Amino acid sequence: MDSLMTIAETLEQSAVGLAIAEGRYAFPLIEGIHLIGLSVAVGLIFLIDLRLLGVFLPAVPVRALHRQLQPYVFGGFGIIIVAGVLLFLSEASTVIASPPWPFKAFFFLVATVNALYFEFVIARRPAAFPEGVPLPKTVRYAAFASLSLWVLVIVCGRLIPYIPHWT
Amino acid sequence: MEFLLWLQASQLSHVIAKANHMLVASLQIVHVFGLILLLGPLLLINLRVLGLVLREQPLEDIVGQSLKLASLGLALSVTSGAFMFVSAPLHYYANWAFDTKMALLLAALVVYALIFAWRPAQVRAHIALARIHILMSLTLWIMVCMAGRAIGFV
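Protein chains in written order, with the working numbering: chain A, 1 to 167; chain B, 1001 to 1154.
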């Protein structure tokens, strides 16, 4: 834990970390960009999940929606990750001391594994998205998991400034 | 100002602000989910109207269903935002980021409400106008979001 803190402090002392922490508007600006990227990527993922659960755009073929929104989802994630890393650099020691942060990191990992499993295993099955009948259970489970996990990531992320210490 | 002082001293304000730190955090979380639920569907409408996705799907279907979801998100954000304001009106008073956000919010609401006046035939006949309209709506909401993020920092 101590060595983690040392690494965090080193990161904060980096040129980029210092520049963001000291700039007057750099931090809220990057936070805003983090939030916009989040709305794009997770917003569109929610739409795909709701389609898989059958409650949104039921008449639109899943393959079309899934395939065509994909580049925007990835674009949004690119923005979130770049902005997120910059925010982390500027206040690494504060963030790692916050209890919600390890939970956010954990849920993010599980959500990513779930998304990759969906992309590379479930969605590639020829019978994954039959038309006119309810989707297979695995598909609906993956969609529900995706929705819940991204909700948890965001809840934990937003709690970081509100729960700064373990004790 | 007097109204704000009264509001700050009111029972509801105290209940939200003092009784529970986590209640304010919860309002913030609902506020963020409202935003995601608003921007996600609005982005889908943008992509469809700009002809970038689902071109073979009926426009009115996508616009109609997305607007329902976006409006749910908007309702969540406005409600949670109103409670956040009531909990600390003086914190928001004389904060230029907050004033900017409210001005942008008003513009964004008007432009958003006008999307409901769309008729499929008109949209097809004046697609360029519809594209400008929907891009303007998305841009305004992004600006509302950026101004909102600045409130705690000015």
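Accuracy of the hints is not assured; some may be wrong.
Listed next, the stretches of chain B that the computed footprint assigns to chain A, with coverage defined by at least 3 CB atoms under 8 Å from CB atoms of chain A [unchecked claim]:
| id | stretch |
| --- | --- |
| 1 | 1023 to 1032 |
| 2 | 1098 to 1111 |
Just some of the chain B residues that point at chain A, by a computed CB distance under 7 Å [unchecked claim]:
| id | residue |
| --- | --- |
| 3 | Ile1036 |
| 4 | Gln1057 |
| 5 | Gly1064 |
| 6 | Gln1065 |
| 7 | Leu1067 |
| 8 | Ala1075 |
| 9 | Phe1116 |
| 10 | Arg1149 |
With the Cβ distance kept under 7 Å, some of the chain B side facing chain A (calculated, not the full set) [claimed, not checked]:
| id | residue |
| --- | --- |
| 11 | Leu1035 |
| 12 | Leu1039 |
| 13 | Gly1040 |
| 14 | Leu1044 |
| 15 | Gly1051 |
| 16 | Val1053 |
| 17 | Phe1085 |
No lab work stands behind these hints, which were simulated from the structure alone.
Fair warning: this is a prediction, and the values are worked out from it, not measured in the lab.
Where a beta carbon is used, it is the ideal one built from N, C-alpha and C, also for glycine.
Hints and how they fare:
Counting residues of the stretch 1023 to 1032 of chain B whose C-beta lies closer than 8 Å to any C-beta of chain A gives 5; at least three are required, and the coverage claim holds. Proximity of the stretch 1098 to 1111 of chain B to chain A, defined as three or more residues with a beta carbon under 8 Å from a beta carbon of that chain, is not established by the 0 residues found. Checking B/Ile1036 against chain A: minimum C-beta separation of about 5 Å stays under 7 Å; hint holds. Below 7 Å, beta-carbon pairs count as interface contacts, and B/Gln1057 has one with chain A at about 5 Å; its hint therefore holds.
Because the closest C-beta pair between B/Gly1064 and chain A is about 10 Å apart, greater than 7 Å, the hint is violated. The closest approach between the C-beta of B/Gln1065 and any C-beta of chain A is roughly 6 Å, which is under the 7 Å cut-off, so the hint is satisfied. With its C-beta approaching chain A no nearer than about 12 Å, B/Leu1067 sits outside the 7 Å limit, and its interface hint is violated. Look at B/Ala1075: its Cβ only gets to about 16 Å from chain A, farther than 7 Å, so that hint breaks.
Checking B/Phe1116 against chain A by beta carbon gives a least distance of about 19 Å; that is not within 7 Å, so the hint is violated. For the restraint placing B/Arg1149 at the interface with chain A, the shortest Cβ-Cβ distance is roughly 4 Å, inside the 7 Å limit, so the hint holds. Because the beta carbon of B/Leu1035 sits about 6 Å from the nearest beta carbon in chain A, less than 7 Å, this interface hint is met. For B/Leu1039, the shortest C-beta to C-beta distance to chain A is roughly 4 Å, which falls under 7 Å, so the interface hint holds.
Contact between B/Gly1040 and chain A, as hinted, is supported at the beta carbon level, the nearest pair being about 2 Å apart and thus within 7 Å. Below 7 Å, beta-carbon pairs count as interface contacts, and B/Leu1044 has one with chain A at about 6 Å; its hint therefore holds. A hinted interface residue such as B/Gly1051 counts as satisfied when its beta carbon comes closer than 7 Å to some beta carbon of chain A; here the least separation is about 11 Å, so the hint is violated. With 7 Å as the threshold, the beta carbon of B/Val1053 comes within range of chain A, its nearest partner Cβ sitting at about 4 Å, so the hint holds.
For B/Phe1085, the interface hint is violated, the least distance from its beta-carbon to any beta-carbon of chain A being 18 Å, above 7 Å.
Comparing the model with each numbered hint stated earlier shows that hints 2, 5, 7, 8, 9, 15 and 17 do not hold.
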